[in-house]
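Asker: Spelled out from the first residue to the last, the chains are:
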Amino acid sequence: MSGDPLVRRWTRAVRLRGAFDDITCGVPLVLAGAVLGWRLGGATAGVAAGAIAALVLAAILWRRARRFGTGWLVRQLDATRGDVEDSADLLFADPAALGALQTLQRQRVAARLASDPPVLRTARPIRALAVAWAIGAITIAAALLWPTMPRPVLAPNTDGGPVLPGVPRLVGQRLRIVPPAYTGLPARDLDTLDARAPQGSRLIWTLAFSPEPRGADLLFLDGRRLSLAPRAQTWGGGAVLDRSALYRIRPAGARQLDRLHRLDAVPDQPPSVVVRAPRHTLTIATRGQRRWSILVEARDDYGVAPVATLRLTVVSGEGEQVTFRERTLTLGGIGSPRQRRFAVSLDLAALGFVGPGDLVADLTIADTRAPLPQQVRAPSLILRRLPAQAEQSTGLDGALRSALPAYLRSQRQVINDAEALLRQRRALPAADFAAKSQAIGWDQQALRLHYGKFLGQEDEGSEHDLPTAEAPATPVLGRAEDVLAEYGHTHDDADSATLFDPVTKARLNGAVEQMWQSELALNQGDPARALPYANRALVLIKQVQQATRIFLARVGTGDLPPIDEGRRLSGVREGVTRDDLALAPEASDDGGAARIWAALAGPPPSAGALDAVARWAGSGGAKGVDPLALSAALDAARRAPGCGPCRERLRALVWQGLRRPPPGVAGRADGGRIGARYLDALGGGR
Amino acid sequence: MTVAGVTGAVLAIAVALAWWRLSGWWRLAQPQGRSRRWRVALLVLGQPIAATLLFLTLFPPHVAVSEHRTLTIATRGTPRLAMLSPGDDLVALPEAAAPVGTPRAPDLASALRARPGVATLHVLGQGLEPRDRHAARGLAIRFDPPPLPRGLTALAPPGRVAIGGDFSVGGAAAGVRGTAELIDPGGARVAATPLAGDGRFVFTGAARVPGPALFRLRLRGAGGETIEDAAVPVVAVVDPPVRVLYLAGAPGPEVKYWRRWASDAGLSTTVRQAVGGGLMLGDPVPPLGVAMLSRYDVAIVDERSWAALAPGERGALTAAVRGGLGLLLRATGPLDTSVQAGWAGLGMPVADGAATAPVRPGDAREPELTRRVLPLATPRLVPLIRDAGGAVLAGWRALGRGRVAVWSVTDDFALVTSGFGARFGAQWGTTLATLARARAAMPAAVDPLPQAGRRIALCGIRQGSVVFDPEGQDTPLLPDAAAGGCAGFWPRGAGWHTLRQDAALPFYVYPASALPGIRAAERQAATLALGQGATGVRPPRALSRPVPSWPWWIAFLVVAAGLWWLERAGRSAS
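Line order of the protein sequences matches chains Y and X.
FYI, in my numbering the residues of the first sequence are 831 to 1516.
FYI, in my numbering the residues of the second sequence are 6 to 579.
What the hints contain is simulated information worked out from the structure, not anything from laboratory work.
Take these hints with a grain of salt, some might be off.
[To be verified] Below, simulated SDA-like cross-link-like pairs (lysine to any residue); rule was C-alpha separation at most 20 Å, straight line: (1) Y:1453 <-> X:424; (2) Y:1453 <-> X:194; (3) Y:1266 <-> Y:1285; (4) Y:1453 <-> X:195; (5) Y:1453 <-> X:211; (6) Y:1453 <-> X:15.
[What the hints assert, rightly or not] Anything over 10 Å on all C-beta distances counts as not near chain Y; from chain X, calculated: (7) 166; (8) 268; (9) 269; (10) 433.
It should be emphasised that the depicted structure is a prediction, and the values quoted were computed from it without experimental measurement.
Built from N, CA and C at the ideal position, the CB exists for glycine as well.
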């Protein structure tokens, strides 16, 4: 700004006007800043933001007011006044530095301006105004209308413990449960601290204490500890619910323990599978059957995976010429996620199932559990096409049994293969010959292991799948029939396997031994050396097969007392006691619950009685009693030994674990002398 | 000497003094100044009259009063707007919430003492408290019982229960159209039955542990809401083992499973099974005799072993039963005529038992059993076991000091083999408890349903017995020989009390506010019984009332005033 009074006089109106425009532009922005500040930080922040914005505005105003200086005036006068004749700068130049002509011109211009003072104008900043007001309005509207973040409203704590001055106490609580995403369940907020939620849910606690503690923990009864983190006036923490638990909240500085809260983890159930078609696991193919339909229905508590895996095993051939082929299909289910149906119609010819044999279908269905889905295998379904001669005697179970294919190469087949290989010896390269010999050796090994099992040897070759849902889904052949091998594994001592009589056992041992030698030679690529062993093994096996009797050892006869010859047949019974005939007392399986029940009666139970309850609960005696409830009741009784209702609660749980003893006989009173006289007077006549 | 006597003597002396003074005046006065003779005579006569009247004023005579008054008594539960006819003499007892202004009496005896001549009591409300019943004896009672309050009106807690054994709880409810439930101490519902008709119900539960256990009886309304929740105390006892002699005619599953149960239940058993040809299995049993049988509490005999007994043995058995032995006769097959005759000699109603009938099981999962068709449903037998259809499976009757029973089920063991061993044991436990020889030394008896603040009687106790309350405070008992060795006890608080003499006998005391319906029913019944037993005439008792004394007082004043006037008139005349 120029100090020249002339400039000041002439630019006065323009300066006022400019300031007014600037203020008009700035006010909405200042207001917007204030409202934004209030919205984000409350009233104080709003006032502060407004003040800062106003200061900034003032600074801008002051800076902008300086633009109306001498330069600006000269440019304006030159531009707007023709009579100034572009000589306005002469008015503000140092007169001493001017030449004569310049001075003259200056006087002329000054005189003209004096006679007609300039009226200066600036353009009104319409666009700037509009933009500023629009920004201000939008900002204020957004600040006012922006949806407020729902701050969790804490439920009041209703446990009602004693209020001690200066001791932190839980005053507000909220438990948010976020079930795993695959369950599709919405997150929910609970007002209580007890929860029942799907396993794997994320639990988020928001707690408020009064007064503020230095720290707060969740103490789980099983020893885990979860430290809570302070937030704005609340304390929060989260954990994944992987198993049911009891916990309590303990703010730092609390004098006494809070009551226990209970979390129940509801495990995800594996899918339940029902085979709707075929109706039996073993189906005998009808003559001319071309297709085989399978319909399986699966239900799950949250969702069945939309695709299932179907493994098909075609077992063709019979007797000793059995071959296996496997295929895997992927089936898509139809229906709702919780209940899907998997249907397929198999083209038997396309699968290569043309002759006699079995078609085994294993359907594996998974649910949507994350990270690892639970897989369940439907029962193996077998379609059996009977050989021609067996088909003639349909209806006879015995005939069907005789035609059951053996799933192993037979010893005779091993010999045949070895002989065939020997004949091809010249035509084959040495490596191929060794490889084929080795392949026959594997067959020989499988057969040896098979027979070894009968002798109680370890089943080293195959791996038993656990019949559980977690086991990998691999097809098991002949599952419906092969129950003995699956569950009845005769795990005898190798030297005393009792299934066979000694002679048969010796033969079997010999056969297995010969198989060892045969297998050794075959694996070394020398079928010719293997053949004698293989033949001897075959002879021995045939002998075993022709054995008709099975030896069953007698047990329990070694403890009989010797016969007393002096008393024998004499009829003398003196001294004969019935000790050996006394019945063994019945063992109760409630783990001494009756003693514990009695110990908990009456006055406050001793710590020993409570320890006995804990041992009882831990030893598995408390069958049928909710373990978490028992832990909670035990804990409550320990904390408040004088609390009658706590003790009654504990006793009620112990009662649930009591078994009913064998009913006894109660006595009755005889009524004393009067009763006896009464009965005698009745006389007992008819 | 009584006050009246002293007063009379003083008055007599006063009369004598008056006479003496009159005679003195008479002798000292001048003949002409003497009063007239008639005036003096009146004065002399007037003295005893005035004295007599004064005496009667002070001690008015009694007159006999007639007994025709009716007293109306407001007891607990009297409505505030009771219907009263005008002129009713209403007295409120402390339990009654009577209208303001009604005279109150601390008890009925006080009210009667203040109102002699009452012959009839009109009882309003639920009835008389035990405290007032003695005072009401002998009065005619007019009592119109109001309907009982909604809830439990009767409760029969179980008696002696063996460990593991069944117990029965009976009761009745008024005004409830819902269900009654038996809840065990673990909070599980043991049994439930809908309430209908007269509201009666019977539950069966099982005692699982020795000692006291508190079951609960819960009445629920039609909407499932709890109307009343009453405690059912169950005390399971351990008694000395029952000694049983089992003579089986043949080995079989019945004997086998019976032995298993008896061994588990802690019975002392002697089992003998005949296998034919005179051979016996099991324990050696000497020939039956009265002395030998006195070592047993129960004998179980089936028709085959009965037929194999010698006549002397049968006689010994009968004699032993008359001496207290329990005898269970099992019909496991057709009964021949000699067996029928023998059993009929014991008072059993028997038939040939050739026909069999199925036993209807109570639970659909239970196996169907078989019974011999015998005429057991007869008034001569007390039913022991019934099936679900109500057919009597076993019944007993008393014979001398002992009891004889007939058991008609032939394949009870199927209960055990199909998983209902507890039911098998409970049946046999109940049967043997009924039949077994009665025991002389039994623990003390406690009044049923003791309640805090009410006197209870403990009977069969000895010197030095003590009751411990739930807090462990002890109260020594004083058995009263005149009351049959019973002692009174006032429980102060609710809960399990223990009577300790030889062994501890726990008994449960209900809180003072519990069982309102049962107490109301008890008051009603007692008041009605009092009314039925009363003749309306009190035992002869001199009832008199003093006549009012004011007429004597006025007469005395008149006489005294007359005497005074006579004397004054006489003096002024002289």
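Asker: Now tell me, hint by hint, if it's right for this structure.
Answerer: Structure-based check of each hint:
{"no.": "1", "hint": "Y:1453 <-> X:424", "in the structure": "holds (19 Å)"}
{"no.": "2", "hint": "Y:1453 <-> X:194", "in the structure": "holds (18 Å)"}
{"no.": "3", "hint": "Y:1266 <-> Y:1285", "in the structure": "violated (29 Å)"}
{"no.": "4", "hint": "Y:1453 <-> X:195", "in the structure": "holds (18 Å)"}
{"no.": "5", "hint": "Y:1453 <-> X:211", "in the structure": "holds (19 Å)"}
{"no.": "6", "hint": "Y:1453 <-> X:15", "in the structure": "violated (97 Å)"}
{"no.": "7", "hint": "166", "in the structure": "violated (6 Å)"}
{"no.": "8", "hint": "268", "in the structure": "violated (4 Å)"}
{"no.": "9", "hint": "269", "in the structure": "violated (4 Å)"}
{"no.": "10", "hint": "433", "in the structure": "violated (7 Å)"}
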